[in-house]
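From first to last, the protein sequence lines are chains C and U. Numbering-wise (the working numbering), the first sequence opens with residue 1 and increments by one. Numbering-wise (the working numbering), the second sequence opens with residue 1001 and increments by one.
Treat the hints with caution; some may be incorrect.
[What the hints assert, rightly or not] To give an idea of the chain C side of the interface with chain U (calculated C-beta under 8 Å), a few residues:
| no. | residue |
| --- | --- |
| 1 | E189 |
| 2 | G194 |
| 3 | G197 |
| 4 | E308 |
| 5 | E313 |
| 6 | W314 |
| 7 | A315 |
If you're looking for bench data, these hints aren't it; they were derived computationally from the structure. Note that this is a predicted model, so its numbers are computed, not measured. Glycine is no exception: its CB is placed at the ideal position from the N, C-alpha and C atoms.
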Amino acid sequence: MTLVLRGARPYGEEAVDIVIADGVIVELAGAGTAHGELVDADGLIALPGFVDLHTHLREPGREEAETVLTGSQAAALGGFTCVHAMANTSPVADTAGVVEQVWRLGQEAGLVEVRPVGAVTVGLAGERLAELGAMADSAAQVRVFSDDGKCVHDAVLMRRALEYVKAFDGVVAQHAQEPRLTEHAQMNESELSGRLGLAGWPAVAEEAIIARDVLLAQHVGSRLHVCHVSTAGSVEIVRWAKARGIDVTAEVTPHHLVLTEDLVASYDPVYKVNPPLRTAADVEALRAAVADGTIDAIATDHAPHPHEDKDCEWAAAAMGMLGLETAFGVALQTLVEPGLVTWRELAQRMSVAPARIGRVRTQGHDLVPGAIANIAIVDPTATYTVDPMRLASKSRNSPYAGRTLPGRIVHTIYAGTPTVLDGALA
Amino acid sequence: MKHLLSASDLTRDDALLILDTAAELATVTDRSVKKLPTLRGRTVVNLFFEDSTRTRISFEVAAKRLSADVINFAAKGSSVSKGESLKDTALTLEAMGADAVVIRHSASGAPHRLAHSDWIQGAVINAGDGTHEHPTQALLDAFTLRQHLRGGAGDLAGLRVAIVGDVLHSRVARSNVTLLRTLGAEVTLVAPPTLMPYGVDGWPCSTSFDIDDVLPSVDAVMMLRVQAERMQAAYFPSAHEYSRRYGIDAARMAVLPEHAIVLHPGPMNRGMEISADVADSPRAVMVEQVANGVSVRMSVLYLLLGGMPDEA
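Just chain C, same shape as in the assembly (with noise of 0.2 Å):
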């Protein structure tokens, strides 16, 4: 069985007929000249399917926001073909049996490779480490740790998990958040959180940590992640990093990248997210650290929640806010419209990079033949307008509702099977 994607683009480049047979691009042929089933892609852009290393899918535990297999839609619907799935579900995924689990329930949706996250320590409790290597040996072949949304603020248990993971290939992903600099703390702080009398979560709490963290994964020479880094300050402190050699890689959400602090000012919680939105001046320094490699990935921190839990005042709301079928929208106009980045370098950025980070295998590739076929079909010249209800994510708290992004998901094929058709599940 042969699939073609006629006349597609790779990374913008010359028109081909990509021939994908058994899951894998056999060939790359001219325009119009392959045969097999085909599927239009005349002069749209072919991309590595992206890889989001930092998704919220909410099962087991709240499966009223998310379900593995509404999340998977939603990803695929978004040119995802691989997703993180992050630990703070409920029981948290801090065993094999929890992450066998998520990993099974990703198997059975089928739509991308749910690869969860495990836990850094039990209960993201930040006590003791939980039994990562089990995770590591399970089915669900863990590699990347994180206590998302909590901080590994204990310094030894920060640098005892850095140094264990190295066993089995593995990453911490620390949520960089000093939390005694943040309690109670409800937005960005800064002359705004101080008129709308917000307690304020100052850029300090997010520096100093990853400042630390760097410090100790040089000194016991293992490799860090850098969750969604959001303040120009951050960036600083990562690119004096890997200037000196230190194995740090970060990653950035997609709101980090377009809206700023000043939607607060609204008191309306979809904008209230961990962590917080910042400066203009931050989202300008985050543009440029992608641009420059500096933040090697782009991930959607995509958390959904629950109409009830924003439909509320901003003290009682839930952080966080959907990201996975705008991301690809939002990156268009952040970084390749303005011509921060190139195709090439974006299919680094939300693909390349991330599969690396998370020692996936089977994603990432180059589209050449050879390489699985996880490939997002994407059309740079459609626009639309977000409608949080149209999303197929359960949750509808989706920033971008009413505005208008650029770039539509037009197929989706994850391990050589169309998931999505002409902008719909297939």
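Here the structure of chain C is known, so what remains is to put chain U in place on it, guided by the hints.
Using the frame of chain C, we list chain U on its own:
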């Protein structure tokens, strides 16, 4: 104007209209029958998610003097503590036909949410939200300042006011900085650096860490309530040290200009931010503030429900 959420909702003209109307309505209080028929048949709900007997009673008296029906809804346990949500409470009040909702809430922005949701149609009056604003307190303070220092008419141009204490956590300070500035006064915030909000340099006021520098040149000093619990969070070392460095006592009162007055939004911590001899001195105007609070709240209810001319 439909709601009163923040002192920044008010232009100079709006603020003067509220103060002038309050002055007229104050005369009702001097009559033997303390009641006007203005809001007969209208329903005002006092929705208090946080205890505040003084503010609630003040609004209740104000509404009753205007003949409105008053419902007190003490919603102890907001959605923060997993009680009934703000939304469901609001929908309930809407179903009961509230014309105005006076809301006190521990979450900054809760009145803003209420006013900008489609949960209720009536007017929303912020009676204090978290560490954000308390606009009617600022109005009653402005009214009191005007009465004492500007002959009860016009704005507060050139008036120098010091606001001293826990500015960081104070909704009273935030509303006063905005409103007093709108009325032309010059405000100086005085606090230990730990209790000064981040980014205060951008506020329309000056700041000082030294009360003794400021007192000789002000027309009024407003002392803020300081909760002793703040010292647990390391904002200051001890109640005693706070009191010594930032409290007002007889010696500090003596350096105030002759005509200067002392305000406090209440409830006072005698011996903490204010000593008993200052609190009980003739320059302290706390009792008048309470009386003026009723007049100002009558004025706000009257204008929001009876008709403040809509700026298109």
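How the hints compare with the structure:
1. E189: Check passed: Cβ of E189 of chain C comes within 5 Å of chain U, closer than 8 Å.
2. G194: This interface hint holds because 3 Å falls under the 8 Å limit.
3. G197: Nearest chain U Cβ about 3 Å off; hint holds.
4. E308: holds (7 Å)
5. E313: Holds. Min distance 4 Å.
6. W314: holds (5 Å)
7. A315: holds (4 Å)
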